[in-house]
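K.L.:
Here is what each chain is made of, one letter per residue.
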Amino acid sequence: MSFLFPLGLLGLIGIPVIIIIYIIKNRYTEQTVSSTYIWTLSERFLKNKRPISKLKGLISLLLQLAAVFFISIAVAHPVFKVKNAAKEYCFVLDCTASMAIDTGNGTRFEVGKQQIADMINGAADGSTFTLIQIGVTTRTIYERFPNKEKAIEILEGVEQSDITSNTLSAWALAKDYFDQNSSTEVYLVTDTAYETENVTLVNVATEVDNFAITTANYATIGEKLRFQGKAISYQNDAELEFNLYLDDVEITDYELQVETLGILVTKDNLALTAGVEKDFFLELPQKDFVTAKIEIKNQDSLDKDNVYMLYNVSQEHNYSAIVISETPFFIKSVIATVSDASVYCIKPEEYDESVHGHGYDLYVFDGYSPSTLPRDGSIWFFDIRENIPNSGFTIQDEIELGEASQITYRISNSSEYRKFTQGTVGSNIFIGRYVKYGIYANGFTTILTYEGDPVVFTGLNGYGNRQVTFAFNLHDSDMPMQADWLILAKNFISYSFPEVIETSNYVCGDELNINVLSSCKSIKVEAPSGEVTYLDTNEAFASTPLTEVGEYKISVLLGDQMKEFRVFSSLPPQEGQVIPNVYESFLLEGEKTENYIDGKFDKLWIIIAIIGVIFVADWIIYCYEQYQLQ
Amino acid sequence: MGTYAINEEFLQQVETLQLLLKNNVAGMFGGTHQAKTFGSSCDFADYRDYKAGDDITKIDWNAYARFEKLYVKLYLDERQVHTRIYIDASRSIDYGRGSKALKALQLAATFAYISICNMDKVSIYYIQNKAVHTLISNMVGKESFYNQIIKLNDIVFDGDSYISESLLPTTVGYGDGHSVIISDFLTDNDYDAAIDFLVSKKRDVVCAQVLSADEIDPLQRGKVHLFDSENNERQYKKNINKDVMAAYRAAVKYMTSRLQNFCSARGANYLLVPADKTMQQIFFQDFPEMEVIKQ
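For the record, the sequence lines run as chains B and U. Note that the numbering used here has the first sequence beginning at 341, numbered continuously upward. Note that the numbering used here has the second sequence beginning at 5, numbered continuously upward.
If you are wondering where the hints come from, they were derived from the structure by calculation, not from laboratory data. Some hints here could point you the wrong way.
Stretch by stretch, here's where chain B covers chain U in the computed footprint (C-beta under 8 Å, at least three residues) [stated by the list, open to error]: (1) 121-131; (2) 190-202; (3) 212-219; (4) 228-236; (5) 239-248.
Note that this is a predicted model, so its numbers are computed, not measured. Glycine included, each C-beta is placed from N, C-alpha and C at the ideal position.
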């Protein structure tokens with residue numbers, strides 16, 4: 341037997357103290373009374389003392405001693421160590437993607453769960469179980485749970501994830517339990533050979549074959565369509581063959597090519613050395629496609645990393661722009677140059693201001709100030725001289741420069757600014773006049789300035805649409821002649837024509853980012869498992885974590901038109917390793933003790949405490965009866 | 005000890021009370037108590053034949069008219085009695101919580117006053133050790149009462165009391181009134197003989213046992229070593245707990261019952277007077293119930 345709080349035994353000092361007090365106080369008090377006659381006479385009426393009644397004088401002392409003893413013991417919280425003692429178990433279960441590798445007796449995850457279930461079944465009655473899951477989020481499934489059957493039932497319901505995760509959070513949780521009770525038996529069930537301390541590692545990794553396509557992309561080379569990817573065999577040397585599907589139709593007329601000494605050589609299969617990633621090429625005559633799927637033919641222990649999907653995203657986008665200008669040449673030509681958008685030009689008097697939306701993705705107002713802003717697209721302003729509600733800026737002055745003056749890039753390291761100036765060469769741009777604007781809206785990014793006045797700036801207007809403002813007329817500057825004009829225009833086009841999906845290939849665990857266009861009414865994301873998530877469309881960007889390997893379907897309602905996009909979430913490469921060569925540690929520092937919670941007796945201290953309280957109460961009642969009751 | 009002070013208001017209340025005697029009195033002087041002998045009171049008793057020399061004013065002429073024979077009317081005689089009050093003046097009477105001594109003095113004074121009001125003669129004695137000391141002798145009349153009763157405060161409660169040994173050698177009178185013994189009777193010493201002696205002298209004996217609250221319900225608890233106030237050699241050492249208290253209460257009951265039964269067997273009156281009992285309750289309730297006093 342040991343004690344959880346040995347300092348509680350200090351209370352036992354009270355026992356000799358009480359005895360001393362009892363001895364000191366147990367003297368007879370001398371008193372004089374009028375007559376001792378009745379007292380003496382009362383002896384005749386005193387009942388004969390039974391042997392046990394001789395203890396009566398000691399009852400008060402015995403009750404006090406018992407109360408002090410039991411309360412001290414209760415405070416010290418005795419812990420009994422008995423054979424097959426009940427223990428506190430803490431299982432840390434690795435639920436990351438690599439645990440899906442098939443061992444031949446089920447996946448590693450299933451084997452790990454079975455081992456935990458066996459340990460729970462084999463634990464002594466009274467044991468408690470804590471289960472920590474390392475998965476999409478690391479969390480405690482149950483804590484100090486005493487019911488074996490229920491614990492196993494819940495364990496069986498724990499699902500494995502497709503992501504990778506580190507053990508830091510799990511370590512913190514396990515350490516917390518270990519710190520609370522240093523006798524806790526901590527088991528780490530994983531497929532990684534962690535260095536452990538005070539932790540029993542249950543390694544469920546077995547040596548099996550696993551191949552993977554780690555990445556892929558495509559390109560059109562002349563008349564050829566070429567898919568380039570990387571493949572790996574994690575455990576053994578292998579010769580891989582591939583299947584290629586375009587829009588779910590199997591393609592057989594491709595050539596598998598491997599780079600040998602800088603030259604692509606056609607091969608029947610891809611010969612891989614264990615653990616070494618190697619490029620491969622699938623070349624075929626050019627074809628249009630939306631979805632391409634590359635698949636490893638060879639069988640292995642983990643299917644999820646044998647498939648890689650690619651999407652032709654550009655086919656999903658088709659933009660249009662309208663230029664309201666008397667002199668639209670520069671603007672029309674630059675938009676047509678840097679984008680595939682359809683560009684329409686009209687005179688200012690042809691523009692109907694009473695209509696809030698004309699159905700264009702971009703409105704360019706060149707020297708013309710509409711009284712209201714269109715609400716269904718991005719806006720470019722050039723040389724606006726009248727205040728426009730919700731534009732985010734006001735007209736302060738029209739500055740006529742005496743001679744051509746250079747405007748300069750603002751110095752900034754913000755990500756927004758860098759996005760707009762990406763690729764620029766710092767051309768010297770001169771202007772002859774400009775309009776001085778006062779920006780009142782938040783979140784605007786100034787790109788170019790003249791003596792501190794913003795002359796090119798971007799931001800969201802009052803209707804949440806993307807807006808680019810030039811404070812000068814292009815004809816009053818040499819900007820269209822400069823190299824930066826095209827680069828800036830391309831960046832502004834990218835900003836103004838946001839692609840709903842900018843990237844179609846992710847690694848599981850990444851965040852899926854979706855640009856929320858102004859006409860976007862809803863975004864529905866359907867995971868490979870069929871789980872549906874609706875994203876918030878109130879912000880410029882919507883995002884959701886990708887927690888499953890496979891194809892995600894994104895349905896975006898733009899105006900009245902439903903557009904569908906697909907992205908592929910691939911298995912994190914490190915999760916495909918059969919024997920992960922991760923040199924990490926899972927150390928619970930401290931000295932492990934063997935103060936096992938005794939199971940049958942673990943609640944004994946409560947009983948002892950109750951007994952102590954009963955003795956205290958009994959002693960009080962005894963004293964009351966002896967000294968107070970008439 | 006509390007000092008006795010005359011409470012005139014209370015004395016006025018008890019003026020109307022009348023002492024009752026069980027035995028026909030044998031007093032010498034006229035008083036208010038009816039004697040067995042025929043006398044000159046207004047209370048008709050009997051007829052007898054007229055004899056020469058009888059007072060002719062006592063002849064019942066109505067009876068003569070009816071029976072043609074002379075009858076003399078006889079009346080009961082009324083005598084003055086001598087109330088003797090004995091106060092136990094041992095130390096135990098004046099010890100402890102509550103005023104036993106004061107209660108004893110009040111009891112004696114009131115009883116004396118009622119006797120005075122009944123035109124009786126009163127003597128007050130105190131018993132100390134083995135002697136009976138006369139404190140007030142043959143007191144008659146209210147004026148005398150008011151002059152002498154204050155002598156009660158002269159009693160010094162000390163020593164022991166041997167009631168029988170003290171009383172037996174003294175003159176206690178014969179059939180001429182009450183003998184009131186006021187004591188706590190907390191003693192091994194004999195007092196039965198004294199009561200028997202008084203009864204044999206045809207005295208109307210009243211035993212008033214005055215006990216303090218301490219004695220009826222002591223406060224002592226736990227381990228105590230008790231010494232007797234009258235004699236340090238009498239000691240009692242005990243761990244006083246619930247059982248001892250139960251035995252004590254049984255002893256109190258036994259002692260009072262025994263004295264009461266003894267008195268009852270001898271035709272004497274017994275009254276337990278807790279020190280906190282009011283004089284009104286004693287004289288207007290307890291004594292009338294015992295037929296010692298008539299309202």
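K.L.:
Each hint: holds or not?
P.N.:
Results of checking the hints against the structure:
{"no.": "1", "hint": "121-131", "in the structure": "violated (count 0)"}
{"no.": "2", "hint": "190-202", "in the structure": "holds (count 3)"}
{"no.": "3", "hint": "212-219", "in the structure": "holds (count 3)"}
{"no.": "4", "hint": "228-236", "in the structure": "holds (count 7)"}
{"no.": "5", "hint": "239-248", "in the structure": "holds (count 9)"}
When each numbered hint is compared with the structure, a violation occurs for hint 1 only.
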